[in-house]
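Residue numbers (my numbering), protein chains in the order written: chain P, 1 to 401; chain X, 1001 to 1401.
Please keep in mind that the hints were generated in silico from the structure rather than gathered at the bench. Mixed in with the good hints there might be a few duds.
[Said to hold, decoys possible] For the chain X half of the interface with chain P, some residues (derived, Cβ under 10 Å), not all of them:
| hint | residue |
| --- | --- |
| 1 | Pro-1031 |
| 2 | Leu-1035 |
| 3 | Asn-1042 |
| 4 | Asp-1060 |
| 5 | Pro-1061 |
| 6 | Ala-1094 |
| 7 | Lys-1246 |
Each residue gets a CB set at the ideal place from its N, CA and C atoms; glycine is no exception.
Protein chains: 2
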Amino acid sequence: MGSTEGLTGPLADYECTAITTAPQIGQLNPPHRLLCGPGPGNAHPRVHAAMSLPEIGHLDPAFISMMEDIKRLLRYTWQTNNEFTIPVSGTGSAAMEACMANLVEPGDKVLIGVNGYFGLRLSDMASRYGGVVVQIKVPWGQVFSFEQIKAAIEEHKPTIVGLIHAETSTGAAQPLEGVGQLCHDHGALLVADCVTSISGVPCHLDKWGVDAAYAGTQKCLSCPPGVSPLTFSKRAMDKLMAREDKVKNWYLDMKMVASYLVGGKGATRSYHHTAPISMCYAIREALTIVAEEGLETRWARHREVAEAFWAGLAEIGLEPLVAKEHRLPSLTTVKVPEGIDPKVVTKVFLDKYQIEIGNGLGELAGKVWRIGLMGFNSRMDNVAVLLACFKDALAQQGYGA
Amino acid sequence: MGSTEGLTGPLADYECTAITTAPQIGQLNPPHRLLCGPGPGNAHPRVHAAMSLPEIGHLDPAFISMMEDIKRLLRYTWQTNNEFTIPVSGTGSAAMEACMANLVEPGDKVLIGVNGYFGLRLSDMASRYGGVVVQIKVPWGQVFSFEQIKAAIEEHKPTIVGLIHAETSTGAAQPLEGVGQLCHDHGALLVADCVTSISGVPCHLDKWGVDAAYAGTQKCLSCPPGVSPLTFSKRAMDKLMAREDKVKNWYLDMKMVASYLVGGKGATRSYHHTAPISMCYAIREALTIVAEEGLETRWARHREVAEAFWAGLAEIGLEPLVAKEHRLPSLTTVKVPEGIDPKVVTKVFLDKYQIEIGNGLGELAGKVWRIGLMGFNSRMDNVAVLLACFKDALAQQGYGA
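Same shape as in the complex, but just chain P (with noise of 0.2 Å):
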């Protein structure tokens, strides 16, 4: 057993001569760019510090008391009791694809609510994983009535409702009050995108009775993108548990990752998979942060400074998409004007101001601007260079001469 007669191993080959060259690159010196765009946002400079502070082992007993920490604060921030509630060792899109991977068995029904690209991508997930995908359609920027939400339910008779509380590409925001309700009186889970009002938008997750929900971290928590929010209700934990076949997803299996993070009676933690330690880091400040601002504080400011952009906007002539009672504090999206390029636009910002705004995505493409005004660059002075650059941009077309 075990002979390498022809082989060579490490111990013969370490003085082998590496063939290709090292390349020169130069030192990393990214620009200095504020983050007004659907996100990343600008991170909160404690968030940078902390990711600098010592790595520790993810086996280690202070990082175990340390997702503990991250447990509690995530419960507090999306107003949930949920057990468990975690970060992600991924992007928001990990997270949402973990809600889709572990709750939706091949054949389960799966009814989501397209206003937007997002509806779309959750969409793709849950097909991707063996659902029966019925899809609800109201035109980008608007939401669902409860109304339709309950013919559709009536109609389809889901297993799972997938709803965008914060649709990214389109700026609404989707009332899920009394949703989660309606939900379980017909047997479905509902599912929650946050990943676009985590913390700048009230989230009653248990209030609503949300049964799975992620999010983004890069948008109002204001950290950088690498873990991401997920939190499942026990009825959806009890769903997971029960399922017979293994989930088709090894890295996004919650149910090795609870045994992990979660730990079962007796407090036995099973290792999974190596934690991004430095982002729980970052993660674990950032919503510190927030809990030290207070939920009802944040929730208000991202209001005030929204309201105040608004004000500004419509000074100028420019037109929000969405209208107001359904409009997100933290992104909004800005009509092109007609006559406007809007990419000539989004390079002045950026080229002549380091600023970064989005363009529109899917069938919005070419006719908004998306800005966030998310966590910790949810302020009047970037309220007032953002309407001071649009000035500039869009003289520069001649637009208001």
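Position chain X relative to chain P; hints supplied.
Relative to the frame of chain P, chain X by itself:
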């Protein structure tokens, strides 16, 4: 459309009181550990500094340019010219799963060499994607001979052969010279686990004919976990691109990731997911440090430091598990002497000396310790302190008395 009678939107809701109150969590203050287990190791200080640089967006021209730097540096580090050579947006297991999710089509026969824990994991992943897994086995700590691999390929005619170049559970290095050609002669692709070998042990992917390889950053690259190197040869990309079904994993769908990170002809790039930007800075810096040191120098340093450690172990009567000709310089498994409780020893290391070393995993639990001297941590001062701590911790159990 879009009426919300009976619902409350973010406008009505933002004044709502948070029900759960903010937890009081103290300042983040992780202990300062020397990480000499199987990984993570301590990050290089320059990598920490890079993570604090200001974020840019994942569609920023400066991001695209930085990604090109990472790809060039990674090709050098792995000695490959593969165009598709990227950082995956998750830790090492995500890149591992990316190999199986993208290359294994339902019904494909996958031959996996199991000589440790990670061969088992690879088997689990392959089977979740519909692969028909055939395992060959040698005892943990040993490696496969060319003849064994050849005989198994001829018998089972696999589509994919998976071997663990560096078994993180055992510390054994699997020779791969000639194995790629062998696979290709039989119409199979060769997948190699390089998690604990990349940049610390010679990896000649093109010379060896490896078609897909994955690694971690938290071992010999001295970069915190959070992104993970992945490369596919043209042969592997051809298999992927010829697939008619959708890859059953959205986040790790490398067809979609390729059009984002690599671009098609004409260099159109389409958004896939938000990349973990600070971790991309980190790996870019870590790979720059590798290129500055030079691979040959770095391999030799790992070798010399390991030799010193092994000599010191012999002096105190401790014996490595793996035969010297197959022993990884980056990771040494040390046999637990009779009568010694291994977990008491690791606890002395952690509590008295703030040093993490690893316990045995799987079949080797309780039988070995795992000591990593990787990347930045591969230094003579660490050898000296590890040996001194071993002496003290063992003496506490009466060893050598």
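Any CB of chain P closer than 10 Å to the CB of Pro-1061/X?
holds (8 Å)
Quick check on the hint: Pro-1031/X CB to chain P CB, less than 10 Å?
The hint holds - Pro-1031/X has a Cβ within 10 Å of chain P, the shortest such distance being about 5 Å.
Given Leu-1035/X as an interface hint, is its Cβ closer than 10 Å to any Cβ of chain P?
holds (6 Å)
Just to be careful: measuring from the Cβ of Asp-1060/X to every Cβ in chain P, is the smallest value less than 10 Å?
Holds - the Cβ of Asp-1060/X comes within 10 Å of chain P, reaching about 7 Å at its closest.
Going by Cβ atoms only, is Asn-1042/X closer than 10 Å to chain P?
Since chain P brings a Cβ to about 6 Å from Asn-1042/X, closer than 10 Å, the hint holds.
Status of the hint placing Lys-1246/X at chain P (closest C-beta pair under 10 Å):
holds (6 Å)
Is the interface hint for Ala-1094/X satisfied, with its Cβ closer than 10 Å to some Cβ of chain P?
holds (5 Å)
The structure shown violates none of the earlier numbered hints.
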